[in-house]
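Line order of the protein sequences matches chains A and B. The numbers in full-length UniProt numbering rise by one with no breaks, and the one at position 43 of the first sequence is 43. The numbers in full-length UniProt numbering rise by one with no breaks, and the one at position 51 of the second sequence is 51.
Identical copies carry no separate label here, and so any pair may be met within one copy or between two of them.
Here are the computed lysine-lysine pairs in the BS3-like style, where the Cα-Cα straight-line distance is at most 25 Å: (1) Lys77 - Lys103; (2) Lys64 - Lys9; (3) Lys64 - Lys77; (4) Lys12 - Lys32; (5) Lys32 - Lys77; (6) Lys131 - Lys55; (7) Lys6 - Lys77; (8) Lys55 - Lys103; (9) Lys64 - Lys6; (10) Lys32 - Lys64; (11) Lys64 - Lys155; (12) Lys155 - Lys55; (13) Lys6 - Lys32; (14) Lys9 - Lys32; (15) Lys131 - Lys77.
Since the hints were made in silico from the structure, they are not lab data.
Number of protein chains: 2
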Amino acid sequence: MEFEEKTLKSEKIFDGVLLHLVREEVLLPNGKTSVREMIRHPGAVAMIPFTSDGKMVMVRQFRKPLDRTVVEIPAGKLETSDTEPLLAAIRELEEETDYRAEKWSELTVFYPTPAYLDERITIYLAEGLTKVENSLPMDEDEFIEILELTFEEAKALQESGEICDSKTIYAMLYWEMRLLRERIEG
Amino acid sequence: MEFEEKTLKSEKIFDGVLLHLVREEVLLPNGKTSVREMIRHPGAVAMIPFTSDGKMVMVRQFRKPLDRTVVEIPAGKLETSDTEPLLAAIRELEEETDYRAEKWSELTVFYPTPAYLDERITIYLAEGLTKVENSLPMDEDEFIEILELTFEEAKALQESGEICDSKTIYAMLYWEMRLLRERIEG
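If we strip away everything but chain A, and leave its shape as in the complex, we get:
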């Protein structure tokens, strides 16, 4: 089966502070043409940080598109699409939570919505946390509350809808499986 959509014409619609919108005319496999509207994004990192007593570190912040606060695992966008994700993750974790992690492992990579967006999120497991004195300062105009949650506390926030974004819903399922594995292995 032939799938490829060849670009016939590409047009920049909007070049914003964060978002870059492109409209392309494409040639479909059946010879017809269609329009694809796409957002360009440099990519992001997110971390699942576990404290030594098995809590997950999350952050509460206001998300304007939903017009309410959302509780999420720490994350940040890459400066450019060439930024090394792990270095960005190490810096973001310290900026947002004042924690440094001893042990980092890449858990997964996903595209939130590849139908019209090229954002790619790399998710790391961050363990062996220690609090940093004089940690890296947060970006100006970021208002963040740091939370350290037990699984039950986080589950309650998921049920109330405050935990609701793709990377944190993934983190919750990951956590549930980790607890299940620990139970099996004794």
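Take the given structure of chain A and dock chain B to it, following the hints.
Frame of chain A; chain B shown alone:
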């Protein structure tokens, strides 16, 4: 802690076929102003369809933002934000895969990336599948290959990167946990 960002000015930047871009000037909790660029989207549904022999039904399609094919669980966007998600899911499953499901259950709801997008995806488990003769026709200009995959086959597609979007990465983790649970319960 005060989080709310009040909208001072809202401006439509782009009104496309699929995407609607809005730029807002907001008043931050510290009295300063900032700009929020946001995409409006009517929302979507996705389904995790299991066949009677334990395979998951997925679809392969070209995703222009990544310029390659991606294997995903079946999904579709809502006509409007008022569309009843379950009815949309039932229709989309039949259109994309020629299957009808006897048993539907809502698994989760998530926002792919609430920092700048209001899209909300409801994910359903669809079981008790039967093939439909003369099924609903697919949207014109959709080119889709239907796959029925064992866990090992899907895992290989995840490792090669063809399974890579948030809802399908979630589905894979859900599947892994389901298999783990089945093993425990004998």
